[in-house]
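Can you make the complete structure from the sequences, with help from the hints?
So for the sequence shown, my numbering puts the first residue at 50; every next one is plus one.
Keep in mind that the hints were calculated from the coordinates and are not lab data.
One or more hints might be untrue.
As the list claims (entries may be wrong) - Pair by pair, the computed Cβ-Cβ distance ranges are:
id, residue 1, residue 2, range
1, 280, 324, 16 to 24 Å
2, 230, 303, 35 to 43 Å
3, 255, 79, 24 to 32 Å
4, 210, 99, 38 to 46 Å
Stated by the list, open to error - With a straight-line cut-off of 30 Å between C-alpha atoms, the simulated DSSO-like cross-links for lysine-lysine are:
id, residue 1, residue 2
5, 341, 359
6, 359, 134
7, 362, 134
8, 252, 134
9, 134, 247
10, 341, 362
Idealized CB from N, CA, C, for every residue including glycine.
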Amino acid sequence: MNICIIVLNWNGWRHTLSCLDSLHTLLNTPSIRLIVCDNGSDDDSWRHLSVWLEQHLDAEQYAIYAHSPPETLIPTTVTLLQTGKNLGFAGGMNVGLRHALGYFDCDYVWLLNNDLEVDAQALLALQACSQAQPQWGMIGSTIMETDNRQTVQCAGGCRYYPWLTVFRNRGQGLTLPQALALPECRLDYAQGAALWLKVEAIKNVGVLNEEYFLFYEELDYAQRLRRAGYEIGWCRHSRVYHQGSATIGAHSQDRPRLQQAHYYENLSTLKYSRNYYPYRLWLILPLRLGLKMLALLLRRQFFLLPLLFKAYKDFFTEN
Numbered sequence: 050m051n052i053c054i055i056v057l058n059w060n061g062w063r064h065t066l067s068c069l070d071s072l073h074t075l076l077n078t079p080s081i082r083l084i085v086c087d088n089g090s091d092d093d094s095w096r097h098l099s100v101w102l103e104q105h106l107d108a109e110q111y112a113i114y115a116h117s118p119p120e121t122l123i124p125t126t127v128t129l130l131q132t133g134k135n136l137g138f139a140g141g142m143n144v145g146l147r148h149a150l151g152y153f154d155c156d157y158v159w160l161l162n163n164d165l166e167v168d169a170q171a172l173l174a175l176q177a178c179s180q181a182q183p184q185w186g187m188i189g190s191t192i193m194e195t196d197n198r199q200t201v202q203c204a205g206g207c208r209y210y211p212w213l214t215v216f217r218n219r220g221q222g223l224t225l226p227q228a229l230a231l232p233e234c235r236l237d238y239a240q241g242a243a244l245w246l247k248v249e250a251i252k253n254v255g256v257l258n259e260e261y262f263l264f265y266e267e268l269d270y271a272q273r274l275r276r277a278g279y280e281i282g283w284c285r286h287s288r289v290y291h292q293g294s295a296t297i298g299a300h301s302q303d304r305p306r307l308q309q310a311h312y313y314e315n316l317s318t319l320k321y322s323r324n325y326y327p328y329r330l331w332l333i334l335p336l337r338l339g340l341k342m343l344a345l346l347l348r349r350q351f352f353l354l355p356l357l358f359k360a361y362k363d364f365f366t367e368n
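As structure tokens, then:
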């Protein structure tokens, strides 16, 4: 079973280096490849990522491409790709996906957020789940909190409620034993921090939808997989530790990042609702607007209100 791991970095080299450190021991396995995509960072990420490769790998084990790679190349264990600009989550990951599908003979790809660390047995567990459940086209891991490693952030995936446009992480806040005791249930999508995808399924349904710059990529992909006959699964014993929204600044006072994330969350929600629930859109649009405004006012996040209105304006302008 050949596996390609893809990690996306955007202005977060410190998190990415921690992620790479947790993956380092896996790189001695001949069947595993790693692609790191830098999404046009302007924080000196490219230099830090290049230095990590130089310090941790032999020269023949890695390749660095500041521009598009040549049409023919010798596959290496680790590839560092520069996307050239911030393409969003889907666009940046697709650079890695296309490289993996074009140059590597892989059976599965594992898309990882840069702000997580991987448990030593996580990959073996995913391989076992894939062999036992070949109908699963998308698999989620058990995602734990980085700062409190006994607390579950998400048990594999989420449920989505389209009328209210809200999601619920399964098992959030439980201890690991409590989460592992949960029964099997339908997941609307696997949590996007760690997405295990079957290459056969990718070839059937295509890569991620770049219409979503941030948010809803994995939910859109799960919809497409189901329509193609695949199922969404949870690999209980595959554990990763996730910082949670580090890239979008949800746990910081970085107002520009929060504003950007808020804008794209709303815009992507409207696009997803239009794409999959068009007959409900007449109710979803005003209901979400009212609930979002109320939530922002109660949290006194007045600075995010203009971004909410801009998302609605741009949605109608595009349509």
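- Message: Does the beta carbon distance between residue 210 and residue 99 stay inside 38 to 46 Å, or does it fall outside?
- Response: Between residue 210 and residue 99, where Cβ atoms are some 44 Å apart, the hint holds.
- Message: For a C-alpha distance cap of 30 Å, please report whether residue 252 and residue 134 respect it.
- Response: holds (26 Å)
- Message: Does residue 134 sit within 30 Å of residue 362, going by the straight-line distance between their CA atoms?
- Response: holds (25 Å)
- Task: Measure nothing beyond the straight line between the CA atoms of residue 134 and residue 247; if it is 30 Å or shorter, mark the hint as holding.
- Result: Holds, at about 28 Å.
- Message: Can you tell me whether the CB distance of residue 280 to residue 324 sits inside 16 to 24 Å?
- Response: Given range 16 to 24 Å: holds, Cβ gap about 21 Å.
- Query: Given a hinted range of 35 to 43 Å, is it respected by the beta-carbon distance of residue 230 and residue 303?
  - Reply: holds (38 Å)
- Query: Are the Cα positions of residue 341 and residue 359 separated by 30 Å at most?
  - Reply: holds (13 Å)
- Item | Pair hint residue 341 and residue 362, alpha-carbon separation not exceeding 30 Å | Holds, at roughly 15 Å.
- Message: Please verify whether residue 359 and residue 134 have alpha carbons no more than 30 Å apart.
- Response: Given that 30 Å is the threshold and the Cα spacing comes to 23 Å, the pair holds.
- Query: Within 24 to 32 Å or not, the Cβ separation of residue 255 and residue 79?
  - Reply: Because 29 Å falls inside the window, the suggested range holds.
The structure is consistent with each of the numbered hints, conforming to all of them.
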